[in-house]
Amino acid sequence: KEKEKEKEKEKERSKEEAIMGETRGQMIQRHKKEVREFRKKTETAYHGVPKKDKEKRKEISDKLKVEEEEMEKRHRQEIEDFDENPPKKEEKEEEEEEE
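Using my numbering, the first residue of the sequence shown is number 1, and each one after it goes up by one.
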């Protein structure tokens, strides 16, 4: 249940970031960072499990595959949403003036 809540928060966060004027390049950089973090997570996922415990390893593998597919799907959806509704040029100019 905690992981589901975590996933929901992550989805909300990513939607908020997209709404807050994140550029396409920034979004892609965030996606790359999320992929790197996921790879680190997959590397450490098997550390506590003995090699002979094939059931547990399979369970972890299946879980990680599902998480990876969800992440890839979310990334594709965010890019599609951005391409359909890019931030207006006026919004970008206002952000640059603030800096």
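Treat each hint with caution, since some may be false.
To be verified - Pairs of lysine-lysine residues, derived as BS3-like cross-links and limited to a Cα-Cα distance of at most 30 Å, are as follows: (1) Lys51 <-> Lys65; (2) Lys54 <-> Lys40; (3) Lys5 <-> Lys65; (4) Lys40 <-> Lys56; (5) Lys65 <-> Lys33; (6) Lys32 <-> Lys56; (7) Lys58 <-> Lys33; (8) Lys63 <-> Lys52; (9) Lys73 <-> Lys5; (10) Lys33 <-> Lys5; (11) Lys52 <-> Lys65; (12) Lys32 <-> Lys52; (13) Lys58 <-> Lys5.
To be verified - Per label pair, the in silico range of CB-to-CB distance: (14) Lys56 <-> Lys32: 42 to 48 Å; (15) Gly25 <-> Lys54: 41 to 47 Å; (16) Lys52 <-> Arg76: 25 to 31 Å; (17) Lys33 <-> Glu8: 39 to 45 Å; (18) Thr42 <-> Glu2: 18 to 24 Å; (19) Lys40 <-> Gln77: 28 to 34 Å; (20) Thr23 <-> Ser61: 31 to 37 Å; (21) Gly25 <-> His47: 23 to 29 Å; (22) Asp83 <-> Lys33: 18 to 24 Å; (23) Glu84 <-> Lys58: 37 to 43 Å; (24) Lys56 <-> Ile79: 16 to 22 Å; (25) Gly25 <-> Glu67: 34 to 40 Å; (26) Lys5 <-> Glu68: 29 to 35 Å; (27) Asp81 <-> Lys52: 18 to 24 Å.
Quick caveat, the hints were computed from the structure, so don't treat them as lab data. Note that the Cβ used here is the ideal one computed from N, Cα and C, for glycine as well.
Quick rundown of the hints versus the structure:
About 19 Å separates the Cα atoms of Lys51 and Lys65, which keeps this hinted pair within 30 Å; it holds. For a cut-off of 30 Å, the pair hint linking Lys54 to Lys40 stands: about 21 Å separates their Cα positions. A hinted pair counts as satisfied when its Cα atoms are at most 30 Å apart, and Lys5 with Lys65 qualifies at roughly 19 Å. Note on Lys40 and Lys56: the hinted pairing holds, with a Cα-Cα distance of about 19 Å set against a maximum of 30 Å.
For a cut-off of 30 Å, the pair hint linking Lys65 to Lys33 stands: about 18 Å separates their Cα positions. Between Lys32 and Lys56, the direct Cα distance comes to roughly 29 Å. Compliance with the 30 Å bound is thereby established for this hinted pair. As the CA atoms of Lys58 and Lys33 are separated by approximately 26 Å, the hinted pair is consistent with the 30 Å bound. Simply put, Lys63 and Lys52 have alpha-carbon atoms about 19 Å apart, close enough for the 30 Å limit, and the pair holds.
A C-alpha spacing of about 18 Å is found between Lys73 and Lys5, which places the hinted pair at or below 30 Å, so the restraint holds. Taken as a hint, the Lys33 and Lys5 pair is honoured in the structure, with Cα atoms around 21 Å apart against an allowance of 30 Å. Between Lys52 and Lys65 the CA atoms are separated by roughly 21 Å; this keeps the pair inside 30 Å, and the hint holds. Only pairs whose Cα atoms come within 30 Å are accepted, and Lys32 paired with Lys52 is rejected, the gap being roughly 33 Å.
For the hint pairing Lys58 with Lys5, the CA-to-CA distance comes to about 24 Å; that is within 30 Å, so the pair holds. Distance hint check for Lys56 and Lys32: the Cβ-Cβ separation is about 30 Å, which falls outside the suggested range of 42 to 48 Å. In this structure the hint that Gly25 and Lys54 lie 41 to 47 Å apart at CB holds, the actual value being about 43 Å. Between Lys52 and Arg76 the beta carbon distance is about 38 Å. The supplied range of 25 to 31 Å is therefore violated.
With their beta carbons about 20 Å apart, Lys33 and Glu8 fall outside the hinted range of 39 to 45 Å. Between Thr42 and Glu2 the CB atoms are about 19 Å apart, so this pair conforms to the stated range of 18 to 24 Å. Separated by about 24 Å at the C-beta atoms, Lys40 and Gln77 break the suggested range of 28 to 34 Å. The hint said 31 to 37 Å for the Cβ distance between Thr23 and Ser61, and at roughly 36 Å that hint holds.
Look at Gly25 against His47: about 35 Å separates their beta carbons, and that is not inside 23 to 29 Å. Between Asp83 and Lys33 the beta carbons are some 20 Å apart, a value that agrees with the proposed interval 18 to 24 Å. Take Glu84 and Lys58: their Cβ atoms lie about 39 Å apart, and the range 37 to 43 Å holds. Checked against the given bound of 16 to 22 Å, the beta carbons of Lys56 and Ile79, roughly 35 Å apart, lie outside it.
At about 25 Å, the CB distance of Gly25 to Glu67 disagrees with the hint of 34 to 40 Å. At roughly 19 Å, the beta-carbon separation of Lys5 and Glu68 lies outside the given 29 to 35 Å, and the hint is violated. Range check, Asp81 to Lys52: about 45 Å between beta-carbon atoms, so the 18 to 24 Å window is missed.
Of the numbered hints listed earlier, those contradicted by the structure are 12, 14, 16, 17, 19, 21, 24, 25, 26 and 27.
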